[in-house]
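K.L.:
Listed below are the residues making up each chain.
There are 2 protein chains.
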Amino acid sequence: MNIPSIFWFIPAAAVIALLLAWAFYRAMKREDEGTPRMREIAGHVRRGAMAYLRQQYKVVAIVFVVLALFFAYLAYGAGVQNPWVPFAFLTGGFFSGLAGYFGMKTATYASARTANAARQSLDRGLKVAFRSGAVMGLVVVGLGLLDISFWYVILEYFVDVTGPQKLVVITTTMLTFGMGASTQALFARVGGGIYTKAADVGADLVGKVEAGIPEDDPRNPATIADNVGDNVGDVAGMGADLYESYCGSILATAALGAAAFASADGMAMQLRAVLAPMLIAAVGIVLSIIGIFLVRTKEGATMRELLRSLGVGVNFSSLLIAGATFGILYLLGIENWIGLSFSVITGLLAGIIIGQATEYYTSHSYKPTQKIAGSAQTGPATVIIAGIGSGMISTAVPVLTIGVAIILAYLCAIGFDMEHIMSAQSISLGLYGIGIAAVGMLSTLGITLATDAYGPIADNAGGNAEMSGLGPEVRKRTDALDALGNTTAATGKGFAIGSAALTALALLASYIEEIRIGLLHNGVTALDLPNGTTQLVEKASLLDFMEYYHVSLMNPTVLIGVFVGAMMSFLFCGLTMNAVGRAAQSMVNEVRRQFREIKGILTGEGTPDYARCVEISTRGAQREMLLPSLLAIAVPVVVGLVFGVAGVMGLLVGGLSSGFVLAVFMANAGGAWDNAKKMVEEGHFGGKGSDCHKATVVGDTVGDPFKDTSGPSLNILIKLMSMVSIVMAGLTVAFHLF
Amino acid sequence: MNIPSIFWFIPAAAVIALLLAWAFYRAMKREDEGTPRMREIAGHVRRGAMAYLRQQYKVVAIVFVVLALFFAYLAYGAGVQNPWVPFAFLTGGFFSGLAGYFGMKTATYASARTANAARQSLDRGLKVAFRSGAVMGLVVVGLGLLDISFWYVILEYFVDVTGPQKLVVITTTMLTFGMGASTQALFARVGGGIYTKAADVGADLVGKVEAGIPEDDPRNPATIADNVGDNVGDVAGMGADLYESYCGSILATAALGAAAFASADGMAMQLRAVLAPMLIAAVGIVLSIIGIFLVRTKEGATMRELLRSLGVGVNFSSLLIAGATFGILYLLGIENWIGLSFSVITGLLAGIIIGQATEYYTSHSYKPTQKIAGSAQTGPATVIIAGIGSGMISTAVPVLTIGVAIILAYLCAIGFDMEHIMSAQSISLGLYGIGIAAVGMLSTLGITLATDAYGPIADNAGGNAEMSGLGPEVRKRTDALDALGNTTAATGKGFAIGSAALTALALLASYIEEIRIGLLHNGVTALDLPNGTTQLVEKASLLDFMEYYHVSLMNPTVLIGVFVGAMMSFLFCGLTMNAVGRAAQSMVNEVRRQFREIKGILTGEGTPDYARCVEISTRGAQREMLLPSLLAIAVPVVVGLVFGVAGVMGLLVGGLSSGFVLAVFMANAGGAWDNAKKMVEEGHFGGKGSDCHKATVVGDTVGDPFKDTSGPSLNILIKLMSMVSIVMAGLTVAFHLF
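Protein sequences appear in the order of chains A and B. The first sequence begins at 1 in the UniProt record's numbering and counts up by one. The second sequence begins at 1 in the UniProt record's numbering and counts up by one.
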């Protein structure tokens, strides 16, 4: 065993996060859940959400068992797979699902309590909602680092390799639990995303547009399903998603660190490079916790003050992690600690800029969204055109920002050594810098996720208030809390999408490392390079592999891979969009049927059959999530078998680039339509009930699956394709050898 | 001079095409233009279209003069540019514009004549419209091959290089006139696309939706502008566009052929490889002409018979060109003529499959579009969601088809020599195979473009019939002609987009050839490769350049290039979408103003101010086309200067892959929305005037800029970015040397 004592700080931070999450959860449970009507509605939502999650986990469990058996066969039967993969895969999936489950359980208990607290004051409501959101943030980072620590210790003990290869094997094995997390996250995002938007779109189309009743009106049979959807999509789905992002970035960076220093004389540095991302994450947890406690307001705070207090917490954590990184890397004794610290700062700055750009393109305080709202004067068609146009234009800033961040993180990591900018050593180190920039962006996830997760809680609290017939002032407060969350969430989204792009880049290098291990495993010890020289597999650089497999842009298989990768993003979005459309249509038909057949619903005398709507959404989501998800798993395997390493590299790059741009487009267009509608509802261009309003409702409805189903799922698609490729690298190598 | 006598067949075929076009034009002019009212309306449209084109050419001329002066400075001042570029650039632009001009002039004379002929019978209408469309097809291919022949002779005479480098210099210089054609085509497509959709969307929004008057109703002030738009967008824009595609594929393939056989002992083969694509195109012209004469119907033909007679012409030409290719390549004495002929067949098959897939996803005879129409029952939002979903899914077949075609064309060209599949020689030959596949697809453009171009003529004839108050039976006949065109146009679109992708791939290799010339021009004669060896620039293979410039997927600058390329497609579409939205909104406001201020318009007593609407569209299009077009020119230059060759290669691959997928998505979604609306208009789901119809009109309106502005412009964007990179290669090289 060679575990330095500083390592134990990592699981310690994880345990502290989990304990605090437990304490917040207990405190939330002690709050009063309000009137009997409030309890009843919250109970409906909670039972619906739990029933959905049970159903979802059943389906996903089957997929996991099948895949785990397949991996077990590859590992123990065909002998082309690392023997730890089946287990790592299962724990990754289990913990990812657990993070979503805890987050959702908390959210469903918290909504009525938030509404009740909001009856007293705005800041009481903020506290209950925010601390409940913090449960999710802390659970995600706590479980993530705990899982990482657990596997590190296990593998350190069991892996019987010695020398510099030991850490390489440990880290690349750990990386495969990322595939479990990605798979779980994809199902959670896609299934939850379809559920929530089928219910939302269905409820809006019949309720708001046809029957003319407001949102969350208890007369609308789909309204419980809509509220359940917020929980299963926006909470459980997001939890599993960010668990995957968080672990993925840490593991990819650790693997790059192990590979970059895999020489006999670099072993001390190698250990430090592996521990660095974990330690940054651990310190990030501590800073997040301090940040969470900084979020407090005085009685009767204004909206601006509330926003400020939330900002204080987030900014405090982000600023301090930037500073702390210098300390961590210095104390660890990493070579070029200053440069790598600046890589982290590059990542943080990129996240902030992307977040600001997101806000600019989606908030109705700025021109783009105002113009979309204005285009409603000429009807729904121009709203759609303007939203799509603006969303597409909004991709420019994030892409340029990520481009600059990639270059800067790379150059900082290699100490601006322009002479050897493309040497094999520089590339390894530069990619490590890119990875650690992603880790920096996600290190304060504990608090940024808290500000994100409390949005749906506030939203549900509003729904509860409306359905329970609480006064409009309570609804106004919960709306204010919701709007507050939307603003801070922009930064969180910038960090999430930015770090996904950087992590995916780092995973490209990890893929090659797995190919190296696969070759060695198959007894291939030397590569005959096209230039006539021979290179030992063990010593071959990333560039040697690029040459050996002809991964240049003149290779048709690389180009085909890029094409297929670009197509995958669109196909995946198309399938999920259609899934929402179909599921929403069943919902519309059901609500119309109830309006027709159950007497007195609209006068408030009859009770709608809420459960039937919940069931329709559940069944629709389960049926529809399978095809796109299985496609995401199957395509990289098929491309690997048919086109080999060059094709896979093309696939990943094509998927990453198009997927990133498409994800930004869809998220921003959807967000802008949502806020354009809110702007009209605030009284511009005719206000609620006007033709303009109806036109923006069409935009908002189209935007729903854009921003909450297809867009966010793309993030995971990109990384899942990388993870599948990595896990299947052994199979690809073996298949092309024999 | 070393011009073989067979060469003269090429300009001869071009001249025959132009003479026949002239004959068809004269014959059309001799037809009767109908009633005074018909003449008057046709005159309005013709004057509006010509006024627009004059205005457009003025603006574009300024851009061309500025760019030509810049190239002249680079060539004669800075000395980093081939001295022929300014002239080649200008002629390319001039001929491309001329093709659009002739096509449009013919179309505007033909519309009333087609309507008048349709008063007599359906097949009289077909003949006038189709032969007028054929004018455009023949002018495009005739001018294209004439321009190519002209430059070939000039350069053969003036270029004072000897040995195998002579043909390399000639072909790469000719390639630069492609940039002129691309630039002209981009402005024509973007400007024309914005014009036509601003008018169309504006006319529909106020006319159909608000005032409830049918399409092409003379009471709608925007109706003349709408008909002008069909001419400037769908005719002039398409003409310039396909002129560029046609020349681009021939020139890129010739350049690849010259490079592939650029050794002292291969000079005979080199000449043959350069002439092969031109000869295939020349034979294609002859076959197209025969095909055009085969399109004839008997009196009283049914719709099915009409379709068959049109199909006979197209299929005859396509089948024969496949057969003729074997003969051409055999007689030329090209090595591996059988393999290369199969490359051409691969291309033709790919075009047909993409065309079929396009039809499946856009015709309402099939499920996808029927489902979009069905989703109208739940309102416009679900129509949009279903259209976007279906459009995104529709990208799968074309991408996979192109992927398979790339591989097969490559493997056929290298004779399935799997042992040396990635050798430097195989790559050159394989890329040549890919290029010649694209030439094969476009070789029968003379007739496929005729079937495409006659669509807008029939459409305008319908408009003329409606406005002139001809009976509904005439309108029914012109609608039938229009629908007929839509069906055959699907194949044409498949060929256009497929060949664009293949040509863009071939242009990647041409870019590297230009880099080689740039290096030699700057006195760099040897490359120090990263593996320590040195290679003469003159003898370096494409793979050597890939290594020298680190164009692998592990180079961050390549990855950034890919990101920026993907982003460019979205940004460009976003800008053009917004342009249409803005211009349409001015149109809506103007029409509303006229309805309000000019008394008696809706009762037919007042005359609308058509000219004012034409002017608004013209000004809008001119103002809006500049930014996206200039961006497409500037970005490759900037990427080249900042990131060098590796960044440019990434940019081109990223732009090509995302642009291709995005273009297919937008074209198919737009086409499907259009036909979903037509399906409802035919009486399904409530028929005309129902809520379902209104919902599909929203879809159709959103689809207008998708399929007629942004989507088709992407094709040119992809190739223009390649062309700019090629033309600017000298500057990139010089900038990074000093």
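Because the hints were derived from the structure by calculation, they are not lab data. Worth double-checking, as some hints may not be accurate.
Pairs count within a copy or across copies, as identical chains cannot be separated in the list.
[Said to hold, decoys possible] Here are the simulated SDA-like pairs of lysine to any residue, each with C-alpha atoms no more than 20 Å apart in a straight line:
#	residue 1	residue 2
1	208	694
2	694	211
3	127	153
4	367	627
5	166	539
6	371	589
Since we're looking at a predicted model, the values are computed, not measured.
K.L.:
If a hint holds in the structure, say so; if it doesn't, say that too.
P.N.:
Checked hints:
no. : hint      : verdict
1   : 208 x 694 : both (9 Å within a copy, 18 Å between copies)
2   : 694 x 211 : both (13 Å within a copy, 19 Å between copies)
3   : 127 x 153 : neither (38 Å within a copy, 81 Å between copies)
4   : 367 x 627 : between (39 Å within a copy, 19 Å between copies)
5   : 166 x 539 : within (15 Å within a copy, 45 Å between copies)
6   : 371 x 589 : between (34 Å within a copy, 15 Å between copies)
In summary, the structure is inconsistent with hint 3 from the numbered list given earlier, while agreeing with all the others.
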